[in-house]
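*Asks:* As given, the protein sequences belong to chains B and P, one line each in that order.
Sequential numbering from 1 applies to the first sequence in full-length UniProt numbering.
Sequential numbering from 1 applies to the second sequence in full-length UniProt numbering.
Do not rely on the hints blindly, as some may be mistaken.
[To be verified] Covered stretches of chain P, going by a simulated chain B footprint (3 or more residues, C-beta under 8 Å):
1. 50-59
2. 292-306
[What the hints assert, rightly or not] Coverage of chain P stretches by chain B, computed from C-beta distances (three or more under 8 Å per stretch; other residues unrestricted):
3. 242-254
4. 258-270
These aren't lab readings, by the way, just hints derived from the structure by calculation.
Using N, Cα and C, we set each Cβ at its ideal position, and we do this for glycine too.
So the chains spell out like this:
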Amino acid sequence: MKTAFLLATALALAPMATWAADDHAPLRFVLIPKTVHPWFDKVNTGAQAAADLLGKTTGRKVEIEYRAPETADVSSQNDIIERAIATHPDGLILDLLDEKGNHATMLEAVDEKVPMTVFDSLPPEGMDVTAVGADFCEQGTIAAQRLAGLIGEKGEVAIMIGVPTAPNHARRAECERATFARYPQIRVVATGIDNDSIETAQKQASAIMQAHPDLAGWVACDAAGPVGIGQAIRESGRTGKVKEVGLDNLNDMIQLIRDGVADSSASSRPEMQGYWAVIAAWQRALGQKTPKYIDTGIDVLTKKNI
Amino acid sequence: MSLETTFPTTPPTPPRLPPLRRLAARCMRNPLGGVIAALVLIFGVSCLLSPHFLTGFNMMIMARALAFIGLVTIGQSILMILGELDLSVGAIGGLAGITGGMLMVQAGLNPWLSLVLCLLLGTACGMLNGVLITQLRLHSLVLTIGMAGVYGGAILVATKGVAITGVPVDISFLGRGLVYGVPVPFIVLLACLGVVAFVMVRTPVGRYVYAIGSNPDAARMLGLRVDAIRIAAFATAGFLSALAGILMVARLGTAQPSIGDTWVLAPIAAAVIGGVATTGGLGSPVGAVLGAVIIGMIENIIVLFGISPYWQSVVSGGIVVLAISFDSLARRYLHREA
Chain B
1 MKTAFLLATA LALAPMATWA ADDHAPLRFV LIPKTVHPWF DKVNTGAQAA
51 ADLLGKTTGR KVEIEYRAPE TADVSSQNDI IERAIATHPD GLILDLLDEK
101 GNHATMLEAV DEKVPMTVFD SLPPEGMDVT AVGADFCEQG TIAAQRLAGL
151 IGEKGEVAIM IGVPTAPNHA RRAECERATF ARYPQIRVVA TGIDNDSIET
201 AQKQASAIMQ AHPDLAGWVA CDAAGPVGIG QAIRESGRTG KVKEVGLDNL
251 NDMIQLIRDG VADSSASSRP EMQGYWAVIA AWQRALGQKT PKYIDTGIDV
301 LTKKNI
Chain P
1 MSLETTFPTT PPTPPRLPPL RRLAARCMRN PLGGVIAALV LIFGVSCLLS
51 PHFLTGFNMM IMARALAFIG LVTIGQSILM ILGELDLSVG AIGGLAGITG
101 GMLMVQAGLN PWLSLVLCLL LGTACGMLNG VLITQLRLHS LVLTIGMAGV
151 YGGAILVATK GVAITGVPVD ISFLGRGLVY GVPVPFIVLL ACLGVVAFVM
201 VRTPVGRYVY AIGSNPDAAR MLGLRVDAIR IAAFATAGFL SALAGILMVA
251 RLGTAQPSIG DTWVLAPIAA AVIGGVATTG GLGSPVGAVL GAVIIGMIEN
301 IIVLFGISPY WQSVVSGGIV VLAISFDSLA RRYLHREA
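Make a model of the complete structure from these sequences and hints.
*Replies:* Next up, the structure:
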């Protein structure tokens, strides 16, 4: 009986522990990407760097909790966002899978007075949230233009689409197609779907190159795709004959550029996105107004500058 | 002098167990005792270790998240008691959700009529699975892997991978609404669970399901309409998956092609945790839903406790194994004590 009473008392008092928080307690931000992926690890690295810097310069510790959904599924991401809201952090830093699908959950954050910052995606219309990121269309366009130049503005090209349901992948593919359409002698002969998996991209790219022996070049729409494409080019012994312009800056991608398999990569700056997302979230937590959009830009990585 | 031997008129009383062990023994005699004990243990530990766990908001989001997976779990548990499995339940839920979105947004159909049509579609998909399995004498596991590809592929064909937005707000109450602080999807789950539990326990159909799951040949020799009951069970699982799919559309406000992607393995794990035998004939949908509560609670505390995402699978898988082991060990211990 005594044990049961003590247990019941402990359970009743447990939520009150949150009242102990004070102004000198560490600032806690929860970073929720689209899914577990090396690209988001780089975002997290940038976020941690910003947290360290803020902690050292202000004297108030800043903590980043990284919570990645195991699969890129909107409902799973919403569940994680809701659970994070339940812990009442000082801010949420989100990479939205679908701003419309995430909208209702974001409204719950507003109701619970948890400030939000998004990166690598755009917030739902009408929501006062800072977005940090690069222009997906610009990134796809840069990759396609560079490939067009490499192949002398003529020949057969292929596009590797990442996850068909991911809006940023779809946007890059759309802009790559639009760019190629501006060159009358370039023909998009195939599109593969890699679902953001290097292995799938490698299989798809190998099959497409078998079916199109005259293929002159590749572009991709996600970070895993160009790595798989590079592996397929190397395995087929067509390094240098089939040109590749990749996306982003995964270590495997950089190695492919070093090895001369891929020419270059149009890379968003994940570390910078994480860094500036934390800065914006920190400003929000202190009650400051923040910009609507922070453009972190796009790098073109080549053998010369990596 | 005569020697008289007296015999006791009542059997000897067994030694009295200590109160805590007596309570544990009573729990374990209940088929749901193990899962309830594991649930209480995880709940208590979570309350003590996280100040955010026992809050109204957290309880609300846990109940709502449970509703979707719980509905699919009910259907899967009926099939498992029957000795079957359906790996296409997630794809059926996704297809029903997408169809609902297309009917409401692209065809401009009345949202409530669309909802009914989606439920009919889900029921038809489940029934089709059942008919193919019973008439072609196929193993349900193999057939439903194939059908998951068919239904999932149909989603991609219909949507090209792009979500359908602009779902009418008329049905958003079904996914986002609260009745006295209780999420509407959770109320739907309780209603469905109540109906299914009643059918399984109080009606001949429920007893037939257990009989077929225990020994289908014997059930057939007894004159039970085994195939008809199996088809009905698959149709029920399809209906419940479609209901989960359409509720998810109402919750998100968009019809996402990825709806149902995570509804395949979790309901099976939940049913096993809840005491449903993979060989059929044992367990109950109530136990299966309690298993889903355990999984949902684990997923919740993983975030509340700040466990690294790279350790999430290890931790959740480990706790599930512990929960099953706890049930098994407790039963063995009490059996030995008796």
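*Asks:* Taking the hints in turn, state whether each one holds.
*Replies:* Verification of the supplied hints:
1. Against chain B, the region 50-59 of chain P contributes 8 residues with a C-beta closer than 8 Å to a partner C-beta. That satisfies the three-residue criterion, and the hint holds.
2. Counting residues of the region 292-306 of chain P whose beta carbon lies closer than 8 Å to any beta carbon of chain B gives 5, which reaches the threshold of three, so the coverage claim holds.
3. For the region 242-254 of chain P, the stated coverage by chain B is satisfied: 5 residues place a CB nearer than 8 Å to a CB of that chain, which reaches the threshold of 3.
4. Chain B is given as covering the region 258-270 of chain P, and this holds because 4 residues of the stretch bring a CB closer than 8 Å to a CB of that chain, at least three being needed.
In summary, the structure agrees with every hint in the numbered list given earlier.
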